[in-house]
Amino acid sequence: MNAGGATAVDQVVFWVLAVLTTFFAGFTITRRNPVTAVMSLVATFFCLAGIYASLSAHFLAVIQVLVYAGAIMVLFIFVIMILNREEVAPFSIRPLRVLGVLGGVYLLTKLVDVVGVGLPEAAPGVTPDGFGTVAAIGEVLFRDFLFPFEAISVLLLVAIVGGVVVSRSHQKEVAAVEAADYRHQIEELAHHDYPGEPEAPTPGHH
Amino acid sequence: MPTTYYIVLSFVLFLIGTAGVLVRRNALIALMGIELQLNGGNLAMLAFSRELGDLKGHVFAFFIIALAAAEAAVGLAILVALFRGRQTVNLDEATLLKR
Amino acid sequence: MTFNLRLIPLLPFLGAAILMLFGRKWKRDTVLLVAAGAIAGSCLVAVDAFFTALPAAASKGGLHDVVGTWMAAGSLKIDLALRLDALSGLLCLIITFIGFLIHIYSSGYMEHDPDYPRFFAYLNLFCGAMLVLVLGDSLPVMFIGWEGVGLCSYLLIGFWYSSSANADAGKKAFITNRIGDLGFLIGMFLLYQFTGSLNIPEITAAASGGGALMQTLFPGTIFAAPVAFWAALFLFIGATGKSAQIPLYVWLPDAMAGPTPVSALIHAATMVTAGVYMVARMHALYLLTPGAMAIVACVGALTALFAAIIGFAQNDFKKVLAYSTISQLGFMFAGVGTANFGAGVFHLFTHAFFKAGLFLCAGSVMHAMGGSGDITIMGGLRKKLPFTHGVFLVCWLAICGVPFFSGFFSKDSIISGAFGTEIFGEGLLWVGKAVGVVLMLAALGTAFYMSRLYFLVFTGSETRASDEIKHHIHESPGAMVGPLVVLAVGAALGGFIGLPGGLLDHPEWNLLADRLAPVLGPEMEVSRSIELGFMVASVVLALGGIGLAYLFYGGGYREPSRKFAAAAPRFVRLVQDKFRIDELYGLLIIRPIKRLAKGVFFVVDRILIDKILVEGSGAIVGVLARMARAVQGGDVQRYMAVFAIGAAGIVYLATRPSVPDVLKVTVSGLSVDVDARRGSKPASRVQDYSFDFDDDGKPEVTGAAPAAHHAYPRAGTYTVRVQVKDPNWGTSTSLKQKVEVR
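Chains as they are written, first to last, in the working numbering: chain A, 1 to 206; chain Z, 207 to 305; chain E, 306 to 1047.
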């Protein structure tokens, strides 16, 4: 197979990584055990980091490993440790959702169509020296995108504060949610034919 | 490798993520699906960036990773709160939006 | 000449409105003051108009008052206009004067009724509507009054609505009248179509010309007759409903369920004469068509005799009077039907007095008898109710046609007019004579049943009622007796306004004919010998009827009456049952209609409306709601799925090639031009077109141009297929169309 001027090594690397990425991604969403899922997700991210590297995005490849495979995955695993529960029926396959997935497939094939038309068949030529290195990205980041960069750091700060606030144990709110739930249940009961109060047990009768 | 291949791969990744979000009951796995979708997007960014020889794509990918980190932090925090409140992370039971 | 005629109907209308709005809280005296004041005011205006303003304008079409344009559409323009000439003026005087008397009488009769204000409001409303009816210058305005009096009649018959018999009687009157009103409407439409106007003077003018109204309608069929005949006939059907003639008379006896003053005013003196008035008003139209006249006369005469016969055996005071009214209305129709319009109107006038008097006497008697109208338990009331007896005596003599009482003159002029009429030509000559003979028999019958009533109620030494009732009998209060006396004077002397002047060599003594001449044409000339002969004959008939009744009923039920009843029990029974006409109608008309209604109810209401429309739309909403609810489950994943589906749908629609719904194909000779552009603007998208003109899979023209030209080698029918591709989106569509080349 000829992939438009790419070297054989390039091709082999791409195909191997692409197949692995797809495989692990599929594995991630089909595992019943969340720990397995999260591990295959880590594998997906590693493979992706390889693909990033093959795209000359060295800095991003490193970031991918550090942030995703490192930080985010640790977070996931902590949470799994807190709420690890086996699921009886992990999949909720309903016609509407399947239709939704099919809709997504259709959308993406359309995108492939339109993107494919604009792209050349061949791989782009040699990338300039230093493309994708820390120095090059840093120059763009701090010259052209200084404000978004600072804004992102604020976003991260807000996310941290938000995470703390949301997951904090607050008894009052929980009580309020429970009360609302209880009311809801009573309403639902009122709409059914409720048999009424159970009769008080008669003395001497078992 | 021609850019098209990367694009197709990124779409496949995105689709797998979408399917995960749509059909899994476990909120954790659904969140992982969202991470897959974001990574699909990132891959496309980087592929186009190389195609055009423009580093802006890298910058955006960087931002997306930061955003994904924030999203994961808040999303997981919400899951913890949900679990505290109702002892479950089953999305089929979390239908408070209809009230 | 204009005159403020609108005041005449406006005053009673105002009275009615005020009483309906505020009457409930007022004292009875205030209510009476407003009601009687309104009608008295209206009466004064009418008197002023008739005696002061009219003489000067009589020869110029009378007084005229245009309130405004009612409706204008195309060539149709109808003014809300009133006209008072001798004919409508006379009716106005009768309505307002007798109406006023009956208001006064009612104040006594209805004294203890809790719905006193409502009664007077309706009474005022009736007077206003009746005045609009007679004053209306065009048929539609007349029709307002026509329907208005029908409504008031309905409201007043069912005045004591808590008894369902009364409410049913009201409905019967209303529905029977509707049948007639349909005829009236059709008549109106015919006249409008062929004369282009609904204005009575204009129709009269058109009728004098003849022309348009003499066109033959339905030529070649057995219905072939001039327009005038059909218009006159349909208008007369309206009249038979309102004026209780065969075949629509059945409602009037039942209408006696209303309060007695109502029977006197509406169902004896005024409303029921509306049909006679209408025929007289449209006399120009009727004169065009002797056939219609013959029908009017025959129906009138037959009704007169038929109702009189039914009257022989009725035992309810008011029922006897009701049939008497039907019979007398028959006389009036026979009069106008033989072109004796003046005589018909004259009888209308005298009848208004004596019949109102008789009804009010009936009310007075029933008042005394504790509400019962059963004449079999009366008798000997002469001494106990002296005033009522005196009034009844006068009115009885008047209706029987005893000389010099009012009925004598008017009835005689109708009968002699029927014999002397010259309106009927070839083939219809018998009508006048036959009508005359039937009327003479009816006159004999009238004398008999009225005398029977008189003898059974007032003569004899003993009242046949229970002691409790007997103890209670008393003369009515002054408010009731006063109007009675006034009506008695009218009944006794009213005939003198229509003296047969010709007989006495002083034609000008006939005041009525003199007055009516500009409207209805000169009084018919009847030779002195005929007139005198019939005068003698009718006196003989009247006295004969009275004598016969005396033999049967003088001083109570006598031997001959019992013998007769025993000799022909089935006949007596049949007459008592009013020849079972109601039952016949029930069998022939009402029952089939009820069945039809039930069927329609089942199919249309139960199935179409209830099941399909109501429950069906409910079910559709339910299904839609269930679908909408399915999407709104609070389930984020489902929302996302819907979002993905929606996005896919939008992309699908947006990326299809832009093509027209139908190909634009222009054929000229063997060559065709095909245009596949959507709309007239050039498409901004780049699309590939391939035109395959013979649908063989090998396109003849390809490229980015949306239109192509092709010449076929030979004539025939081809299929043109156009394939459109969007290279950017990778989508394609094809369109097909058949082309015929010659």
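Hints listed in this document are in silico derivations from the structure and should not be mistaken for laboratory results.
All residues carry an ideal CB built from backbone N, CA and C; glycine is no exception.
Any given hint could turn out to be false.
[As the list claims (entries may be wrong)] Computed from the model, here is a short list of chain E residues facing chain Z with C-beta under 7 Å:
1) P552
2) A946
3) T1038
[Unchecked claim] Simulated crosslink set (DSS-like; lysine-lysine; CA at most 30 Å straight-line):
4) K903/E - K476/E
5) K899/E - K624/E
6) K1003/E - K1043/E
7) K624/E - K868/E
8) K382/E - K624/E
9) K110/A - K262/Z
10) K110/A - K903/E
11) K1030/E - K1043/E
12) K1041/E - K477/E
13) K1041/E - K110/A
14) K624/E - K689/E
15) K110/A - K899/E
Right, here's what the structure says about each hint:
1. Contact between P552/E and chain Z, as hinted, is not supported at the beta carbon level, the nearest pair being about 70 Å apart and thus beyond 7 Å.
2. Among the interface hints, the one on A946/E holds; its C-beta lies about 6 Å from the nearest C-beta in chain Z, closer than the 7 Å criterion.
3. Because the closest C-beta pair between T1038/E and chain Z is about 25 Å apart, greater than 7 Å, the hint is violated.
4. At roughly 19 Å between alpha-carbon atoms, K903/E and K476/E fall within 30 Å of each other, so this suggested pair holds.
5. Among the hinted pairs, K899/E with K624/E is consistent with the structure: their alpha-carbon atoms are about 28 Å apart, no more than 30 Å.
6. About 17 Å separates the Cα atoms of K1003/E and K1043/E, which keeps this hinted pair within 30 Å; it holds.
7. Restraint check: the Cα-Cα separation between K624/E and K868/E comes to about 24 Å, which is no more than 30 Å; the hinted pair holds.
8. For the proposed pair K382/E and K624/E, the alpha carbon gap of about 44 Å is over 30 Å, so the pair is violated.
9. Pair hint K110/A plus K262/Z holds up; C-alpha atoms about 25 Å apart against a cutoff of 30 Å.
10. For the proposed pair K110/A and K903/E, the alpha carbon gap of about 63 Å is over 30 Å, so the pair is violated.
11. Straight-line distance between C-alpha atoms of K1030/E and K1043/E comes to about 21 Å, which keeps the hinted pair within the 30 Å bound.
12. With a C-alpha separation of about 68 Å, the suggested pair K1041/E and K477/E falls outside the 30 Å cut-off, and the hint is violated.
13. A hinted pair counts as satisfied when its Cα atoms are at most 30 Å apart, and K1041/E with K110/A qualifies at roughly 26 Å.
14. Using a Cα cut-off of 30 Å, the hinted pair K624/E and K689/E holds, with the two alpha carbons roughly 23 Å apart.
15. The straight-line distance between the Cα atoms of K110/A and K899/E is roughly 68 Å, outside the 30 Å bound, and the hint therefore fails.
In the structure shown, a violation is registered for the earlier hints numbered 1, 3, 8, 10, 12 and 15, in ascending order.
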